Every structure is written in C-alpha cells, then in structure tokens.
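Heads up: the protein sequence lines correspond to chains G and A, in order.
Per our numbering, numbering of the first sequence is gapless, rising by one per residue and ending at 238.
Per our numbering, numbering of the second sequence is gapless, rising by one per residue and ending at 1176.
In silico DSS-like cross-links for lysine-lysine, where the CA-CA straight-line distance does not exceed 30 Å:
1) LYS1003/A x LYS1046/A
2) LYS199/G x LYS119/G
3) LYS1078/A x LYS119/G
4) LYS222/G x LYS199/G
5) LYS1130/A x LYS1078/A
6) LYS214/G x LYS1130/A
Here are the computed distance ranges between Cβ atoms for each label pair:
7) PRO128/G x SER1107/A: 23 to 31 Å
8) PHE127/G x ALA1117/A: 34 to 42 Å
9) GLY196/G x ASN1159/A: 46 to 54 Å
10) LYS31/G x ARG1075/A: 44 to 52 Å
11) PHE127/G x PRO1125/A: 24 to 32 Å
12) THR1122/A x HIS167/G: 56 to 64 Å
13) HIS1099/A x THR193/G: 28 to 36 Å
14) LEU1168/A x THR186/G: 45 to 53 Å
15) LEU220/G x ARG1075/A: 43 to 51 Å
So the derived list for chain G, only partly shown, Cβ under 8 Å to chain A, looks like this:
16) ASN99
17) VAL101
18) CYS102
19) SER103
20) VAL104
21) CYS105
22) ASN108
23) GLN114
24) ALA117
25) ASP123
26) HIS124
27) ILE125
28) GLY129
29) TYR131
In case anyone wonders, no lab produced these hints; they're calculated from the structure.
All of these numbers come straight from a predicted model, not from anything done at the bench.
Where is the CB? At the ideal position from N, CA and C, for every residue including glycine.
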Amino acid sequence: MSDTILTLTIDGQPVSGLATETILQIARENKIDIPTLCYLEGLSAVGSCRLCMVEIEGSPKLHPACVTLIQEGMVVTTQTERLQGYRRNIVQLLFAERNHVCSVCVSNGHCELQELAHKLGVDHIAFPGCYPELEVDASHRRFVLDHNRCVLCTRCVRVCAEIEGAHTWDVKNRGMRSRIVADLDTPWGDSATCTGCGKCVHVCPTGALSEKGKSVAEMLKKRPSLPYLVANRTEERQ
Amino acid sequence: MKKRRLATLWLDGCSGCHMSLLDTDERLLDLAAQVDMVFSPLADIKEFPEQVDVVCIEGAVSSAEDEARLHRARRHSKLLIAMGDCAVTGNIPAMRNVHGADAMLRSVYLEREPLQAQIPGTNLPPLRDKSLPLHHFVHVDLFIPGCPPAADTLFTALNGLLTGTADLRLDTRFGA
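Extracted from the complex, chain G is given alone in its bound form (with noise of 0.2 Å):
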C-alpha cells in the first residue's frame, strides 16, 4: 500500500508520489514553492504557523500543506490571490504581536520572518502592534532567549525533545500569553535538562534564540542536518 504511486496536480503540474507523503514535500520534489514557517524537515510537523495553507479542489476549506497527504487525483493550487492575502495577513500578525525591530535584531538578515515579509510583499503592517512587555532571559551561559523575536513556531521544543531527547522546551499559557518556558518554567540557565548543544538556537528562525556575544546581524543560523541526524540513529537501532 506505502509504495503505491499516487498522481495529482499541483498549480497544472501533474506530480506524482507516495500515499505517505504530503504535499509540501510532493510540491518542494517538484520545486513548486510553499512558503513555511513553523516546518522544519526532520521535525514532525504541526501544521501551526498556517502559511502553507493550500487550496484543494472540491473542499471548501483550506489545508495545510505539511500535514496533508496527497491522495490519487487531487487538484492543488498554492498561489491563489486570496491564499497570498492570508499569507500576508498571518506575517503583519505576527509582527504586530511581539516586539520585532529587524534594525536591531541579532539575526537581521538572515531571520525567515524578515525574509518572509520581503517575498510577501509585506510593506507595512496594517495592525497596530501590541508592544508587549517581555522578558530576555540570559541566564544560560552561552544563549539567550528573547521573548520579543519569538514567533512561537515550537521548533526549538520539537528539536530538543525529538532530536537531542531533552525536552528542556515546553510551551506555557495560551493564545497571545504562550511563552516557551524552560523545564517548569525556570530561568534557562538553572535548567536541569538542557545540555546546551544549541540544537533549538540553530533551528529558531527568528533572533528569539541566540548565542551570547552576538551583535546586530551576526547571528548566523546553521541548520543542523536533521534528517541526516534521525537516517544515521534509525540505522543503529537496527
């Protein structure tokens, strides 16, 4: 059944692919661009940040694309005027939010929601932002986090509870108040779990997680290769 070979259509393009596969991955195969943020290959998807949300013919609603399996015949469309309206809508949320000042951000230039913006078209933001008072925890030795630049994509919990086995990241409260607490909410740097790899620092698109000494623009995110991680453990267990 897993090795059976699906056909569909994505933006007029007949593609094809597994029936365990899903769209974002059948649609980045066949270069066809979906813009994420919240997915990271490697991590398993949660389908929260909904930018890649997608259009399905025949289905009112719209899907997101990394948590959606293709199934025989179906018919996607990625790039709608009104996909791109939400797409921009989602990105000046997000900005409003929180305190995001890209001028003087460790990661300017080299940050997913700036770059988000620029290839949305986000010129400005509609809404007026809520300038929230929050907190930099610096307690760790070598890394902050900033509650300010945070977009709470949840990659940092994923990575450090799937990939490094830690699971010193967690989310607390709800909606607007969400804030990633470290253990049971303690100061970063009295975490009794965390063994500091930096893996969650690596995978944060933003400049929320950061490593200390970095000034404006020089933080440099390399991505761990996940997915070459999680190839090489699932060949030792064998």
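Following the hints, put chain A in place on chain G, whose structure we already have.
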C-alpha cells in the same frame, strides 16, 4: 517639461534615511534635473509649501508637533512616501512603546548617574507615550522599508515615480 516639486520631511528619525538619499551621489544631478526641492532639512525653507508633487518622510510620529507636520504635508502633497523603517513601522523610536515616554526619559537622563541629571524639555515638543508609523495617521502612497533603505532603492523609487514607471519593484525589506 515642468519640474516636479519634491519635499522631504524629517520627523522622529536619526536622519540616516536623508543620508542614504545623499548617498545617491552623482545621480543627485539626474534628480536635480527633474525636480525642484521645495522643502527639506537639506534646504533652508521654514514652512511646508502649498503645492508639492512628492514628499518623502523620514521618522515616526512621536509628538503632537510631528502629527501636525505630517497632516500638513499630506494636505499639500499629491504623493506621500514613508521613507525608511521609522516611518514604516515605528522602528527604533517605537521601542519605547513598551514602557512609555516618561520611563524611557527617566531611564536615559536620570537613572544612569549622568553628570547633570535633567530631562531636556525646554522648547521641545513633549513626547507621546507611543511613537507610531505614518499610516496610523494619514494615507501613505508608497512604503519604502529599510534602516536605512539603500541609496539605490531610494533612487529607483524616486526616479520611477518621476518618470511614471507603473511597477515599482523595490528590493528592500524591514531592517536592511
């Protein structure tokens, strides 16, 4: 061809966007051939004039005075450009929005043990608690993000507007 009337206005910003405009170097001559500079911090003119074709505004709106100057510029200009991140998003001046103007002034001028602890206030427009981007007050015709926008970006935008280029694809973004 009749020369267009260009104005530039400096609200709550660091003047970096005006510097970037000057960084267009010899292309300033091309611009000068197409426009009359009728108001600018770079020219000694006191009042914003009546009829302006294009106004480029740097800086966020941080005081009642800024707002009044912005409204006057809007009333008398055909095209209004938000030039740079402070005008577009609030940027650096808006970083105080979290705690308000008083807390910021006290922190900077009193609580850092300066030689002469005093908050400058004489003859200065009082700061509002929130510093906000231009489009919260008036209609903006073109947003040019960047801190500052590159000289190339500003030249492309101005030259495009003056020559009537329909599709202005500006390669700029928040922060850079």
